[in-house]
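Participant: If you're matching positions, the sequence shown starts at 1 in this note's numbering and goes up one per residue.
Errors might be hidden in some of the hints.
[Stated by the list, open to error] Computed cross-link-like contacts, EDC-like style, restricted to lysine to aspartate or glutamate with a CA-CA straight-line distance of at most 16 Å:
no.: 1; residue 1: Lys395; residue 2: Glu295
no.: 2; residue 1: Lys217; residue 2: Asp42
no.: 3; residue 1: Lys366; residue 2: Glu405
no.: 4; residue 1: Lys217; residue 2: Glu237
no.: 5; residue 1: Lys366; residue 2: Asp305
no.: 6; residue 1: Lys149; residue 2: Glu162
no.: 7; residue 1: Lys186; residue 2: Asp42
no.: 8; residue 1: Lys351; residue 2: Glu405
no.: 9; residue 1: Lys69; residue 2: Glu44
no.: 10; residue 1: Lys186; residue 2: Asp208
no.: 11; residue 1: Lys69; residue 2: Glu184
no.: 12; residue 1: Lys475; residue 2: Glu44
[Said to hold, decoys possible] Computed spacing ranges between beta-carbons, pair by pair:
no.: 13; residue 1: Ser181; residue 2: Ala101; range: 38 to 44 Å
no.: 14; residue 1: Glu132; residue 2: Lys241; range: 34 to 40 Å
no.: 15; residue 1: Val307; residue 2: Glu237; range: 28 to 34 Å
no.: 16; residue 1: Val307; residue 2: Ser200; range: 28 to 34 Å
no.: 17; residue 1: Leu144; residue 2: Lys241; range: 40 to 46 Å
no.: 18; residue 1: Ser343; residue 2: Glu372; range: 32 to 38 Å
These are computed hints drawn from the structure, not numbers from a lab. C-beta atoms are modelled at their ideal positions from N, C-alpha and C, and glycine is treated no differently.
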Amino acid sequence: MWKNKRLLMLGIFILSVTLLVGCAKEPVTSSEPAPGTTEVSDIETDVLVIGGGGAGLVSAITAAENGAKVVLVEKMPMVGGNTMISATGFTASDTVLHEEAGIPFTVEDHINRTMEMGKDLPDEELVTLLAEESNSVYEWLTSLGLSYKLNEDEPWWIIPTEGHYGSQLVAAFQQEAAKHSDLEIKLNNKATELIVEDGSVVGASVEDKDGNVYTIKANAVILATGGFGNAPDLIGEYNPKFAGAHSVMSTAGPTGDGFRMATAIGAATRDMEYHQMRPLATPGYWIRESVISQEGLGGILVNKDGVRFANETLKPLDLVPEVLAQKDAVAYVIFDADIYETSNGKNAVEKGKMIEADTIEELVEKFGLDAEVVAATVATYNEGQDEFGRETMGKVTVAPFYGVEVAPSSHYTMAGLAFNKNAEILDENGNPIPGLYGAGEILGGLYGSGRLAGNNTLDDVVFGKIAGKAAAGLK
Numbered sequence: 001m002w003k004n005k006r007l008l009m010l011g012i013f014i015l016s017v018t019l020l021v022g023c024a025k026e027p028v029t030s031s032e033p034a035p036g037t038t039e040v041s042d043i044e045t046d047v048l049v050i051g052g053g054g055a056g057l058v059s060a061i062t063a064a065e066n067g068a069k070v071v072l073v074e075k076m077p078m079v080g081g082n083t084m085i086s087a088t089g090f091t092a093s094d095t096v097l098h099e100e101a102g103i104p105f106t107v108e109d110h111i112n113r114t115m116e117m118g119k120d121l122p123d124e125e126l127v128t129l130l131a132e133e134s135n136s137v138y139e140w141l142t143s144l145g146l147s148y149k150l151n152e153d154e155p156w157w158i159i160p161t162e163g164h165y166g167s168q169l170v171a172a173f174q175q176e177a178a179k180h181s182d183l184e185i186k187l188n189n190k191a192t193e194l195i196v197e198d199g200s201v202v203g204a205s206v207e208d209k210d211g212n213v214y215t216i217k218a219n220a221v222i223l224a225t226g227g228f229g230n231a232p233d234l235i236g237e238y239n240p241k242f243a244g245a246h247s248v249m250s251t252a253g254p255t256g257d258g259f260r261m262a263t264a265i266g267a268a269t270r271d272m273e274y275h276q277m278r279p280l281a282t283p284g285y286w287i288r289e290s291v292i293s294q295e296g297l298g299g300i301l302v303n304k305d306g307v308r309f310a311n312e313t314l315k316p317l318d319l320v321p322e323v324l325a326q327k328d329a330v331a332y333v334i335f336d337a338d339i340y341e342t343s344n345g346k347n348a349v350e351k352g353k354m355i356e357a358d359t360i361e362e363l364v365e366k367f368g369l370d371a372e373v374v375a376a377t378v379a380t381y382n383e384g385q386d387e388f389g390r391e392t393m394g395k396v397t398v399a400p401f402y403g404v405e406v407a408p409s410s411h412y413t414m415a416g417l418a419f420n421k422n423a424e425i426l427d428e429n430g431n432p433i434p435g436l437y438g439a440g441e442i443l444g445g446l447y448g449s450g451r452l453a454g455n456n457t458l459d460d461v462v463f464g465k466i467a468g469k470a471a472a473g474l475k
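Starting from the given sequences, assemble the full structure and let the hints guide the process.
Facilitator: This is the structure:
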């Protein structure tokens, strides 16, 4: 019990610091040492892990467990990445929790649901491996002192018995990493380029926070740098309809560094046309779309001119470009007390930090919107005739009223580097790139066009362990 409480308190502390760091802009870096900086010695190691989120930490721990000398570089001032702010749980099948609850969720169920969510586009061999290893992930996490229960309404979900999921997970990984004297974590160190010799990846160029550039030579490199939710250029390049979007829901780290480094040496990609976006995001939180689309209840979107601009019941991915097309690529969610009484409404108010007011006019004045225009917009909407073709026209009439500014946000990068069941990164001919492995959100091919929630932190561990063990085998 004491171990669980200690992890809970450590996780809370780490999460609070991470949220502050995540709000900061990434430091400006250069490819040459800054004037007046000192020379940094090059390093040699068995395994180099690039990225210190959940996947990177698991990769490093596993490589160290398998006898390798490991260096992990993380460009941010602390480890954790987006794993730290993951608030829910992970997906698993055929665990003791399912057995005890008498609620089956089998490996076959897990595979089928994952394939269904991705419209049968995911690589079924990889999905099968993910599902088959999920129970061992559950057993390993509980061996670290973490405690979970089954979400009986959605039996693929394994959730914490108490506390915040991601921060507890990272705290446990940090404690495990600290047990290995041959595992060094270097914070504020950004890998900038992979080093290739005779066709094999043998290390990376790294820049520290003072601008000093040095090399880390290794027998194997594991890329665990996350997706590119904070790289508007990459999002726009591969998904033009989402151009201009970035992530307000994540830490500052996922800017596509590993993706850029790997593709620069010929790594292949998968599913680049798919990116999970959310139209209604506030810093650190995604407001569920039902608050403006639930049948029989009223909730609307207005722009900075105070007028509606789209059918709010559009599919989320179709609503994203509608919001992006508005001034400053923002909109305002407005709903009334009836929506607040729903679970998603309460969460939107509390976690999305919505403002409350007794009248529509009072509410929108707090956003600097024209109160008369918005009041007229709401009145027209309440008449039940919609120029945008909306059919679920519940009224916005019951005080108090709630509102918040929202923007489209990257939620998860389904696209990524092509890889195989050994976590080896593949070249454009489908062959493994010698010495290069991957784990976590940087990988493509697992989810196709849609992701089963919870699979992402599961795959961090599954492929982190596979990559770490395989990379250690090259020492």
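Participant: Against each hint, give a clear statement of whether it holds in the structure.
Facilitator: Here is what the structure says about each hint:
no., hint, verdict
1, Lys395 with Glu295, "11 Å, holds"
2, Lys217 with Asp42, "8 Å, holds"
3, Lys366 with Glu405, "11 Å, holds"
4, Lys217 with Glu237, "32 Å, violated"
5, Lys366 with Asp305, "14 Å, holds"
6, Lys149 with Glu162, "9 Å, holds"
7, Lys186 with Asp42, "13 Å, holds"
8, Lys351 with Glu405, "13 Å, holds"
9, Lys69 with Glu44, "9 Å, holds"
10, Lys186 with Asp208, "9 Å, holds"
11, Lys69 with Glu184, "8 Å, holds"
12, Lys475 with Glu44, "12 Å, holds"
13, Ser181 with Ala101: 38 to 44 Å, "41 Å, holds"
14, Glu132 with Lys241: 34 to 40 Å, "36 Å, holds"
15, Val307 with Glu237: 28 to 34 Å, "32 Å, holds"
16, Val307 with Ser200: 28 to 34 Å, "59 Å, violated"
17, Leu144 with Lys241: 40 to 46 Å, "42 Å, holds"
18, Ser343 with Glu372: 32 to 38 Å, "33 Å, holds"
In this structure, the hints that do not hold are numbers 4 and 16, in rising order.
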